[in-house]
Amino acid sequence: MDSDVLVRVKNLQTFFYQNGRCNKAVNGVSFDIKRGKTLCVVGESGCGKSVTASSIMQLLPELSRIEKGSEITYFSEKGEIRIDQQKRNGKVMRSLRGSEFAMVFQDPMTSLNPVYTIGYQLAENLQYHTPLNRKERKKRSVGLLRDMGIPLPEERVDEYPHQFSGGMRQRAMIAMAMACNPKVLIADEPTTALDVTIQAQVFDLIMKLKKDRNTAIMLITHDMGVVSELADDVVVMYMGNVVEAGTLEDVFRSPSHPYTVALLRSIPILGKGRDQDINPIRGVTPDPYDRPSGCQFAPRCDFFKEGVCDKCMPDATSLSKTHSVRCWKFVGGSGYGN
Amino acid sequence: MFAYTIRRFLTLIPMILIMTFLIFLGMDLTPGDAVSFMASPEAMANMSQAQLAQLRESLGLNDPFFMRYLTWLGGVLHGDFGYSLTSGVPIKDIVLSRIPATLELSVAALLISTFLGTILGLVSAVRKGRPVDHILTITGMIGVSIPEFFLGLVALLLFAINLNWFPIGGRLRPEYTVYWDHMKNLILPALVLGVTMTAGVMRYTRSSMLDTINKDYIKTARSKGLPEWRINLVHGFRVALTPVVVLIGFRLPILIGGSVVIEQIFQWPGVGNEFLGAVRSQNYPLVMMIALFSVFAVLIASFIIDLLTAALDPRVQLD
Ligand SMILES: Nc1ncnc2c1ncn2[C@@H]1O[C@H](COP(=O)(O)OP(=O)(O)OP(=O)(O)O)[C@@H](O)[C@H]1O
Ligand SMILES: [Mg+2]
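From first to last, the protein sequence lines stand for chains A and B.
Numbers given in the numbering used here equal positions in the first sequence, counted from 1, plus 1.
Numbers given in the numbering used here equal positions in the second sequence, counted from 1, plus 83.
The shape of chain A in the complex, shown without the other chains (with noise of 0.2 Å):
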């Protein structure tokens, strides 16, 4: 067991249950968040990032469940706390919720509640979380705004939601967040919202924090530049599964999955110029109540094989310590033909 660990997150299944189907919106997913390190999670629209994300917090919808056989274990300083065996929202999640656990939303207009002050909703985390006083917490809402760098903190602490502009109202929601010193800091995509220069500017104040307080980050985003310049490790989520993860080094100079390779191919990168081909990934994103029997990317692969791709999901197979890939085309002896 490594130390650096934090938490581990183990054949994570969580499905949703509608007019009695069953999605299943995640379907046995892996990886690791490392003590202090930026675990950035990548994929297309609808491949269950949030969930993943929410199931970790048991911030789940009410018509989705953690199924048996996952684990998800947090290693805190106290012993190991299996995370997908505690209620809901029973006494153990609600004591590391917000305090060891925080949050970020993507859309900071509608995740503050707009009939209370900025400093109300700071100072209510560490109400729960701090043996801090009334007094002392008004005080500590003050200076985590001016940590996020917001301008005249004493007066705007005072002030509600609406009169925040986009970007403020996330660094409010990360200040909220930071209020107790998470150990790890989960950002559902928290800058989509925002146009470019202020994403910039938040993620500069994330990895500030996280240098500055050793939080371990889970970054949910679209952008591969971002992933490219923040990132220790990635993992790259295709119909509820990892097909793909490993260091930012492993996924982005070796890509290994035909799905992360079409995926890099897909995206312009910022700053490469005008003349990159771009070429997007053929077909559409199958139906998650439908979904393929084998490979789940199959229908989509350039490199599909019959008889192989489309029997059952492969395994992972590791290429290296810290590099793992779940595609036929790497298990030995599958017929894949190597």
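In case anyone wonders, no lab produced these hints; they're calculated from the structure.
Any given hint could be a false lead.
As the list claims (entries may be wrong) - Heads up, simulated DSS-like pairs for lysine-lysine below, C-alpha to C-alpha not over 25 Å straight-line:
1. LYS302/B to LYS139/A
2. LYS92/A to LYS298/B
3. LYS139/A to LYS211/A
4. LYS211/B to LYS267/B
5. LYS38/A to LYS322/A
6. LYS298/B to LYS88/A
7. LYS11/A to LYS322/A
8. LYS211/B to LYS92/A
9. LYS302/B to LYS25/A
10. LYS69/A to LYS25/A
11. LYS11/A to LYS136/A
12. LYS211/A to LYS302/B
13. LYS35/A to LYS212/A
14. LYS25/A to LYS88/A
15. LYS11/A to LYS25/A
16. LYS209/A to LYS38/A
17. LYS35/A to LYS211/A
18. LYS69/A to LYS88/A
19. LYS302/B to LYS88/A
20. LYS211/B to LYS88/A
21. LYS92/A to LYS267/B
22. LYS79/A to LYS212/A
23. LYS79/A to LYS140/A
24. LYS11/A to LYS79/A
25. LYS306/A to LYS330/A
26. LYS11/A to LYS69/A
27. LYS211/A to LYS38/A
Stated by the list, open to error - Examples of chain A residues lying across from chain B (beta carbon under 10 Å, computed):
28. ASN90
29. ARG98
30. GLY99
31. SER100
32. ASP108
33. GLU125
34. GLN128
35. TYR129
36. HIS163
37. ALA178
A virtual CB, placed ideally from N, CA and C, is assigned to each residue, including glycine.
On the provided structure of chain A, position chain B with the ligands as indicated by the hints.
Chain B with the ligands only, in chain A's frame:
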């Protein structure tokens, strides 16, 4: 907030002018001699035709319509609402004598429906899909669809006539000496009126609350590790309450206008009952004046609602 209040108050003026104008127009169009409700009956009793004509002239009844409206409006603003056609009593006195009874009944019913409605609605929303919710939803649906006269009659039959728990109707009796004596007369009509209003408030609170607890900021609150009660009450209910306050506010006019049906069934001597009597005896001036009071009540209520909404929701623009 102060400036907002003033500004909002000023917008009442044109509305009041329009409403009073319409009511005056209505009165002008109804049959009958206007002089009969503008002068007291004693003054009119021994007058010759010539004197009456002179009185008409001096009251300005021969003036053009618009001038008459202004004269009348001036009177209304000074508290001169004219005289009842049937009894000759000043309308102001009639209405004022009826208002305490109406206020009593309406305040009780409003309190009952507000407390019951919001609390049951909250419970129903938080326990969505559970047995409690189903029971409340079905009861609420029945409550909304039962006409109040039916519920009133059933309650009267059951609790007053068969079980004899409450008096059959009326408000004050000669043997009542202290104020609290007539509370047993109040309970039944207040409960019936309150319960009929509860269903609506409950349904509305439930849907508003369900709307709110699906919002992103509820997930944020949960991600901070707050206890469920705090998420539901402080983050959910507090926001869900704003539209409910508006709904309740729109019922404030019954504080003045009274509930015609319930007051009639329980022989409650309030404004609503008086209104019905006035309509029956074709006492148009009284009908119009009660309408005027109700209009005032509606305007004032909407004014209060706006202030409350502004106080409850910081996003409402105050400037
Ligand atoms: N509240 C929900 N109710 C029903 N199904 C849901 C819900 N949330 C997610 N899903 C389903 O779970 C699957 C994964 O969704 P998820 O939100 O995790 O995608 P994502 O990778 O975060 O996509 P995006 O990049 O668009 O945010 C999808 O098939 C989606 O339909
Ligand atoms: Mg998402």
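So, going through the hints one by one against the coordinates:
Proposed proximity of LYS302/B and LYS139/A is supported: the alpha carbons are some 23 Å apart, at most 25 Å. At roughly 23 Å between alpha-carbon atoms, LYS92/A and LYS298/B fall within 25 Å of each other, so this suggested pair holds. Between LYS139/A and LYS211/A the alpha-carbon distance is near 24 Å, which keeps this suggested pair within the 25 Å criterion. At most 25 Å may separate the alpha-carbon atoms for a hinted pair to count; LYS211/B and LYS267/B exceed this at roughly 37 Å.
At roughly 17 Å between alpha-carbon atoms, LYS38/A and LYS322/A fall within 25 Å of each other, so this suggested pair holds. Straight-line distance between C-alpha atoms of LYS298/B and LYS88/A comes to about 22 Å, which keeps the hinted pair within the 25 Å bound. Between the alpha carbons of LYS11/A and LYS322/A the distance comes to roughly 17 Å, so the proposed pair stays at or under 25 Å and holds. With a CA separation close to 22 Å, the supplied pair LYS211/B and LYS92/A stays within the 25 Å bound.
Proximity of LYS302/B to LYS25/A is assessed by CA-CA distance (about 22 Å); at most 25 Å being required, the pair is judged to hold. At roughly 13 Å between alpha-carbon atoms, LYS69/A and LYS25/A fall within 25 Å of each other, so this suggested pair holds. For the given pair, LYS11/A sits about 43 Å from LYS136/A by alpha-carbon distance, which is inconsistent with the 25 Å threshold. Of the pairs offered as hints, the one joining LYS211/A and LYS302/B holds, with about 24 Å between alpha carbons and a cut-off of 25 Å not exceeded.
Distance check on the hinted pair: LYS35/A and LYS212/A sit about 14 Å apart at the alpha-carbon level, within 25 Å; holds. Restraint check: the Cα-Cα separation between LYS25/A and LYS88/A comes to about 21 Å, which is no more than 25 Å; the hinted pair holds. Distance hint between LYS11/A and LYS25/A is fulfilled; the C-alpha atoms sit about 16 Å from each other, no more than 25 Å. With a CA separation close to 12 Å, the supplied pair LYS209/A and LYS38/A stays within the 25 Å bound.
For the suggested pair LYS35/A and LYS211/A, the alpha carbons sit about 12 Å apart, so the restraint of at most 25 Å is met. For the proposed pair LYS69/A and LYS88/A, the alpha carbon gap of about 14 Å is at most 25 Å, so the pair holds. Between the alpha carbons of LYS302/B and LYS88/A the distance comes to roughly 16 Å, so the proposed pair stays at or under 25 Å and holds. The straight-line distance between the Cα atoms of LYS211/B and LYS88/A is roughly 19 Å, inside the 25 Å bound, and the hint therefore holds.
Using a Cα cut-off of 25 Å, the hinted pair LYS92/A and LYS267/B is violated, with the two alpha carbons roughly 48 Å apart. This hinted pair checks out: LYS79/A and LYS212/A have alpha carbons roughly 23 Å apart, not beyond 25 Å. Proposed proximity of LYS79/A and LYS140/A is contradicted: the alpha carbons are some 29 Å apart, above 25 Å. In summary, the hint linking LYS11/A to LYS79/A is supported, as the alpha carbons are separated by about 21 Å, within the 25 Å threshold.
Only pairs whose Cα atoms come within 25 Å are accepted, and LYS306/A paired with LYS330/A is accepted, the gap being roughly 9 Å. In summary, the hint linking LYS11/A to LYS69/A is supported, as the alpha carbons are separated by about 12 Å, within the 25 Å threshold. For the hint pairing LYS211/A with LYS38/A, the CA-to-CA distance comes to about 8 Å; that is within 25 Å, so the pair holds. Here the hint on ASN90/A is kept, as its CB sits about 5 Å from the closest CB of chain B, short of 10 Å.
A cut of 10 Å between beta carbons decides the hint on ARG98/A: the least distance to chain B is about 4 Å, and the hint holds. Taken as an interface hint, GLY99/A checks out: its beta carbon lies about 4 Å from the nearest beta carbon of chain B, inside 10 Å. Nearest Cβ of chain B to the Cβ of SER100/A: about 6 Å, under the 10 Å cut. The hint holds. The beta carbon of ASP108/A is positioned within 10 Å of a beta carbon in chain B (closest approach about 6 Å), and the interface hint is therefore held.
Of the supplied interface hints, the one on GLU125/A holds, with its beta-carbon coming within about 6 Å of a beta-carbon of chain B, less than 10 Å. A cut of 10 Å between beta carbons decides the hint on GLN128/A: the least distance to chain B is about 9 Å, and the hint holds. At its closest, the beta carbon of TYR129/A sits 6 Å from a beta carbon of chain B; the interface hint therefore holds under the 10 Å criterion. Hint status for HIS163/A: holds, given a least beta-carbon distance of 5 Å to chain B, under 10 Å.
Given hint, ALA178/A at the interface with chain B, holds; its Cβ is 8 Å from that chain's nearest Cβ, closer than 10 Å.
This entry does not satisfy hints 4, 11, 21, 23, going by the numbered hints stated previously.
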